[in-house]
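> Below are the chains, spelled out letter by letter.
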Amino acid sequence: DAMVIQNPRYQVTQFGKPVTLSCSQTLNHNVMYWYQQKSSQAPKLLFHYYDKDFNNEADTPDNFQSRRPNTSFCFLDIRSPGLGDAAMYLCATSRVVGATNEKLFFGSGTQLSVL
Amino acid sequence: AQKVTQAQTEISVVEKEDVTLDCVYETRDTTYYLFWYKQPPSGELVFLIRRNSFDEQNEISGRYSWNFQKSTSSFNFTITASQVVDSAVYFCALSDVNTGNQFYFGTGTSLTVIP
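Residue numbers (our numbering), protein chains in the order written: chain A, 1 to 115; chain B, 1001 to 1115.
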């Protein structure tokens, strides 16, 4: 059974049109992450939530926002998508943050296309 | 600075051949963890193994084995008797004390096993 669920699997949006990607988890993990993965590149961390505490990576564009209304759900909002934002967006969870040995549990990702 | 290098971008092997995926890392910390993740075409990154910096024992799990050598800062992954289902992108990642929540992923190696 899927433990980290991302919907939709494929998302198409128009240049400049806001889009929201969703992630849910059944693991009851404290931490939820959003990664951006462009073609043939490593996943890049955008931000993470530790419970309700939001932690933004320094180089994450302001165009990207996130919401976590409860433990199970986390959303990625792209306010004005550009062509360069086309990528796979991966959601991941972990029990805690700051523990070096903590492994991540990933969803299947949402492939975003920007027309 | 932390860095993970996977020099092999793409590898193709014929089914039943053995294949080794290379991973070289850089870190100034003495305490760190190394990971391998598999990303099949479905997109989800699947955890394969975690190894801490103080444990240099090689590990074998079925057809998979890992060779960790601190002297060369390498954590190589070997698949014995490869199968078509092994076709995927494989990522090596590093997590260290100073950035416990930040995984440094390599750029991945795309493995194709030809029937």
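No lab work stands behind these hints: they were computed from the structure.
Here the structure is a predicted model, which is why all the values come from computation and not from measurement.
A couple of the hints might just be wrong.
[Unchecked claim] When the alpha-carbon atoms are kept at most 25 Å apart in a straight line, the in silico SDA-like pairs for lysine to any residue are as follows:
(1) B:Lys1038 <-> A:Asp85
(2) B:Lys1038 <-> A:Phe15
(3) A:Lys38 <-> B:Val1014
(4) B:Lys1003 <-> A:Ser72
(5) A:Lys44 <-> B:Thr1112
[As the list claims (entries may be wrong)] Some chain A residues judged to face chain B by a derived CB distance under 8 Å, without partners named:
(6) Gln41
(7) Leu45
(8) Leu46
(9) Lys103
(10) Leu104
[What the hints assert, rightly or not] Here are some chain A residues the structure puts well away from chain B; computed CB gaps all over 12 Å:
(11) Pro18
(12) Ser40
(13) Lys44
(14) Thr71
(15) Asp77
(16) Met88
(17) Leu90
(18) Glu102
(19) Thr110
(20) Gln111
Heads up, the beta-carbon is just placed ideally off N, CA and C, and yes, glycines get one too.
> Each hint: holds or not?
Against the structure, the hints:
no. : hint                  : verdict
1   : B:Lys1038 <-> A:Asp85 : 24 Å, holds
2   : B:Lys1038 <-> A:Phe15 : 32 Å, violated
3   : A:Lys38 <-> B:Val1014 : 28 Å, violated
4   : B:Lys1003 <-> A:Ser72 : 32 Å, violated
5   : A:Lys44 <-> B:Thr1112 : 24 Å, holds
6   : Gln41                 : 6 Å, holds
7   : Leu45                 : 6 Å, holds
8   : Leu46                 : 12 Å, violated
9   : Lys103                : 5 Å, holds
10  : Leu104                : 7 Å, holds
11  : Pro18                 : 23 Å, holds
12  : Ser40                 : 7 Å, violated
13  : Lys44                 : 8 Å, violated
14  : Thr71                 : 17 Å, holds
15  : Asp77                 : 21 Å, holds
16  : Met88                 : 6 Å, violated
17  : Leu90                 : 7 Å, violated
18  : Glu102                : 7 Å, violated
19  : Thr110                : 9 Å, violated
20  : Gln111                : 7 Å, violated
In summary, the structure is inconsistent with hints 2, 3, 4, 8, 12, 13, 16, 17, 18, 19, 20 from the numbered list given earlier, while agreeing with the others.
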